[in-house]
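Q: Protein chains in written order, with the UniProt record's numbering: chain A, 1 to 326; chain B, 1 to 326; chain C, 1 to 326.
Hints listed in this document are in silico derivations from the structure and should not be mistaken for laboratory results.
Hints should not be assumed to be uniformly reliable.
If several chains are the same, the list does not tell them apart, and a pair holds so long as it fits within one copy or across any two.
Derived pair list, reagent style DSSO-like, types lysine-lysine, alpha-carbon separation capped at 30 Å [stated by the list, open to error]: (1) Lys235 x Lys289; (2) Lys37 x Lys301; (3) Lys289 x Lys80; (4) Lys321 x Lys37; (5) Lys37 x Lys176; (6) Lys276 x Lys111; (7) Lys41 x Lys176; (8) Lys105 x Lys301; (9) Lys80 x Lys321; (10) Lys289 x Lys37; (11) Lys235 x Lys301; (12) Lys301 x Lys289; (13) Lys72 x Lys301; (14) Lys80 x Lys176; (15) Lys41 x Lys301; (16) Lys281 x Lys46; (17) Lys276 x Lys41; (18) Lys301 x Lys182; (19) Lys176 x Lys111.
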Amino acid sequence: MFSKIFTRNLSTNVMKIDRKGYIPRRALLYVPGSNEKMLTKVPTIKVDSLVLELEDGVALTSKTIARHNIAKYLDNLESKGDHQCFELGVRINSVSSGLLLDDLKELSKAKQLPQAFMIPKVDSPEDLAAIWDAFRSTYGAERIQNSGTRLVIWIESAQALLDMPRILSTTLNMNKNAGFFKLDAVVFGSDDFCANIGATRSNEGTETLFARQRFVTCCKAFNLQAIDSVYIDIKDIEGLRRQSLEGKAWGFDGKQSIHPTQIPIIQESFLPPPDKVQWAKELIDEFVKHEQSGKGAFTFKGSMIDRPLLLQAMNIVQTIKYLENL
Amino acid sequence: MFSKIFTRNLSTNVMKIDRKGYIPRRALLYVPGSNEKMLTKVPTIKVDSLVLELEDGVALTSKTIARHNIAKYLDNLESKGDHQCFELGVRINSVSSGLLLDDLKELSKAKQLPQAFMIPKVDSPEDLAAIWDAFRSTYGAERIQNSGTRLVIWIESAQALLDMPRILSTTLNMNKNAGFFKLDAVVFGSDDFCANIGATRSNEGTETLFARQRFVTCCKAFNLQAIDSVYIDIKDIEGLRRQSLEGKAWGFDGKQSIHPTQIPIIQESFLPPPDKVQWAKELIDEFVKHEQSGKGAFTFKGSMIDRPLLLQAMNIVQTIKYLENL
Amino acid sequence: MFSKIFTRNLSTNVMKIDRKGYIPRRALLYVPGSNEKMLTKVPTIKVDSLVLELEDGVALTSKTIARHNIAKYLDNLESKGDHQCFELGVRINSVSSGLLLDDLKELSKAKQLPQAFMIPKVDSPEDLAAIWDAFRSTYGAERIQNSGTRLVIWIESAQALLDMPRILSTTLNMNKNAGFFKLDAVVFGSDDFCANIGATRSNEGTETLFARQRFVTCCKAFNLQAIDSVYIDIKDIEGLRRQSLEGKAWGFDGKQSIHPTQIPIIQESFLPPPDKVQWAKELIDEFVKHEQSGKGAFTFKGSMIDRPLLLQAMNIVQTIKYLENL
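Required output: the full structure, derived from the provided sequences and hints.
A: This is the structure:
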């Protein structure tokens, strides 16, 4: 299935926006690189984004074996057959951990790059210089540029939340100006954030209202996907559904899961509702007609349609197309 | 009534603050420039701020006729007699629409300028350069400077909300340094904001809590009026009252209305309560006495009174004076 | 007891963080410098941080006598015997009041400096230049540098809340680069903030949700204590407890009190719970062992431990040690 992802696209050149393959990330699931039994199951796991994990899910004493396992997995990717996920990513360790370079030395030995590199605890624009250096010195600039690999980063501290606009613009500029991977989604690391500000997590989540809503606003100001916090109470399915729907209503595009049982609840919650799908399809049809007519400003059902709205419609249609093909 | 607005003032020179005619904007009502029947009723509509509308309320195919109607209305303003509103503004189209210059070319043919120019979707400080250019090339710098016309702008995107302090300071500086209209109020465009971040609007409005409270904070940091979101459920009068009172309690000065039936509920909700009016009157009396005595710092009922508090008191008194004269 | 405060420390050099005497500020209590009867009771008041007050708690006509009383109190500090508070601070008047320099002229005559200087209404980084000038011209740079006195500042306006990151970094830099007092805690002045933005205070406090959560985030981004708003309804003990626990859950480290009866409720609410104390003790034990072993990255119970988490653990243990010694 992977190969299709990077070619799937809308036939029309919409407002000159390059959208090579929109990737829904309604749910993320972590698979620790040290867990060999779970690694063998990866091709069968149904989740939008599957994360091969080197960071918090792997004990310090198991980092070496986890790196080795993930590198081997990437090296033999073709032999694994089709995957049920939409994206296979690898989460490496953070700059502050001091483990990042060792991660990349090992991973870069594999023939293939993951479809997404996932970087936790990005705390400042300065972190990105260190990240870029580590990638360039292991993978080399050319291999990075030709990879088509996306970037997903985690915001997990007070400092990062305050400086988020600069972090996001710096990351996007590194793609434009230096050929680094393209930033596509940002994840809110709620547990580390709460530990950082000394807050106590509750099931209602009032303590992170400001953080989550500022987070969404920052992501959307840069047209990036926003991925919501984990819901730590695994047994509370109704609480998970409530918080998933709340996240969706607030503008989030997906949510982290900490257990496979959470995936269907989350993915169902983040599915666009039928009337929204209808709206999106009609809007795109209308836009294609409008493009052909060569007219100026574009209105649909009485509203002027701008770039973010058109992108929203395209993402909805692509999510649905993808699910229908699954 | 218009002529009185610009001369009404407190007799005393309060802390050197120039407050020529405070304009309450408890409710805003939009009248589409394309709706000729409704335009004839404009002089009789009782609302603090009445907005002759060229933007979202006017279909793309009707922009030309709407511009023409509004220009004609401004041209014959004296013949309309007294108006029941406190301010007659015109909302033009946004920079990104590409329609702004055509709006101003037509409007500038009228003898009179509106009392307020209202500009939607101001997304960045850079937008303001384009706005200033369009005004200067149509109205000319001199006519702008001598107009006494105020500026009201809309914040309607994630980018604008994040960059709001720079947007507001740039706009205020354009008045000081280049003689552009003086920014007086800022409106939160909640529908476009929610579409921009992908949020779903609810009657409770939790999804915009961060946005609305950040919005108020930014407005008040620059001593500007803050105008709240629309309440889209026209039939739910109690919901409208609840959200109006909530907005007032959070620091908003007014609210947009989408139907004339909403106006009395909104304007009643944003009326200062009697004890606050009493407080304001006594504070101003005390300040006038204090000024005459030539003393230093000013205290009232045990509190040191600073500039924002004094302004607050003056605005309350002027709102009440205005309403008593109505 | 004072003398012990500045020497108490953990024996191990933890990640090179200098923590000379962590000061818990679960509750702050103001004692007006003009209230001579209450001043005589100061040594017996049990509160974490006791604030000798020159600002809002003192009428303009009593500023002179209040300055004199506090200077005398500091001058004769040894003769007062042990105090029951953890910190004895002095709150001076703000830059904008025009009273700051006169405050410091009088206070600097005393032999001793307070353990903390507390400065209200810091509105901008520019205020800090004026503050530093006033201190240097009265106390002199050398006396300031050798004092060990801490700094606590108040954020009380929309402008200050928006510019908080720059205000905090400027203040911390003035300690590093110019030898000014070290900033240790920041207090949210909720009443003045609400007056500034025109909000109405309620017991539930929804109107300040954004402000309080942004405030905590800014404090924690700079590793500073965050002190919460006052609870104005003195008779509502359950409301006070609810809001104290809410503040604690959101990441605040303490709360202002406006009456001695509020102190026990507040201090109990901000006490770390037993399981958190246990966690902190074990983490620190583990860290000391780890340090001696000379290993690299440090994990505890499966999580990588970073600097903010270690600091959190130390603060918890020091708060508990202090209370056991009381």
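Q: Up to 30 Å between alpha-carbons, please classify Lys80 paired with Lys321: within, between, both or neither.
A: Within one copy, since 24 Å is at most 30 Å while 57 Å is not.
Q: When no copy is specified for Lys289 and Lys37, does a C-alpha distance of 30 Å or less occur within a copy, between copies, both, or neither?
A: neither (52 Å within a copy, 34 Å between copies)
Q: My question is about Lys276 and Lys41: at a cut-off of 30 Å on alpha-carbon distance, are they close within one copy, between copies, both, or neither?
A: neither (34 Å within a copy, 37 Å between copies)
Q: Measure nothing new, just compare the shortest in-copy and cross-copy C-alpha distances for Lys80 and Lys176 to 30 Å and report within, between, both or neither.
A: neither (33 Å within a copy, 57 Å between copies)
Q: Classify it for me, Lys37 with Lys301: is the Cα-Cα distance of at most 30 Å met within a copy, between copies, both or neither?
A: Classified as between: cross-chain Cα gap 23 Å, same-chain 53 Å, threshold 30 Å.
Q: When no copy is specified for Lys235 and Lys301, does a C-alpha distance of 30 Å or less occur within a copy, between copies, both, or neither?
A: between (44 Å within a copy, 22 Å between copies)
Q: If the cut is 30 Å between Cα atoms, do Lys37 and Lys176 qualify within a copy, between copies, both or neither?
A: neither (40 Å within a copy, 52 Å between copies)
Q: Go through the copies and call it for Lys72 and Lys301: within, between, both or neither, with a Cα cutoff of 30 Å.
A: between (52 Å within a copy, 29 Å between copies)
Q: Given a CA cutoff of 30 Å, do Lys301 and Lys289 count as a within-copy pair, a between-copy pair, both, or neither?
A: within (14 Å within a copy, 59 Å between copies)
Q: Are the CA atoms of Lys235 and Lys289 at most 30 Å apart within a copy, between copies, both, or neither?
A: Cα proximity of Lys235 and Lys289: none, with 49 Å in one copy and 36 Å across.
Q: Check Lys41 against Lys176 for me: Cα-Cα at most 30 Å, and say if that holds within a copy, between copies, both or neither.
A: So Lys41 and Lys176 fail the 30 Å test inside a copy (37 Å) and across (54 Å) alike.
Q: Check Lys105 against Lys301 for me: Cα-Cα at most 30 Å, and say if that holds within a copy, between copies, both or neither.
A: Classified as between; 27 Å across copies, 54 Å inside a copy.
Going through the hint list in order, the structure does not satisfy hints 1, 3, 4, 5, 6, 7, 10, 14, 17, 18.
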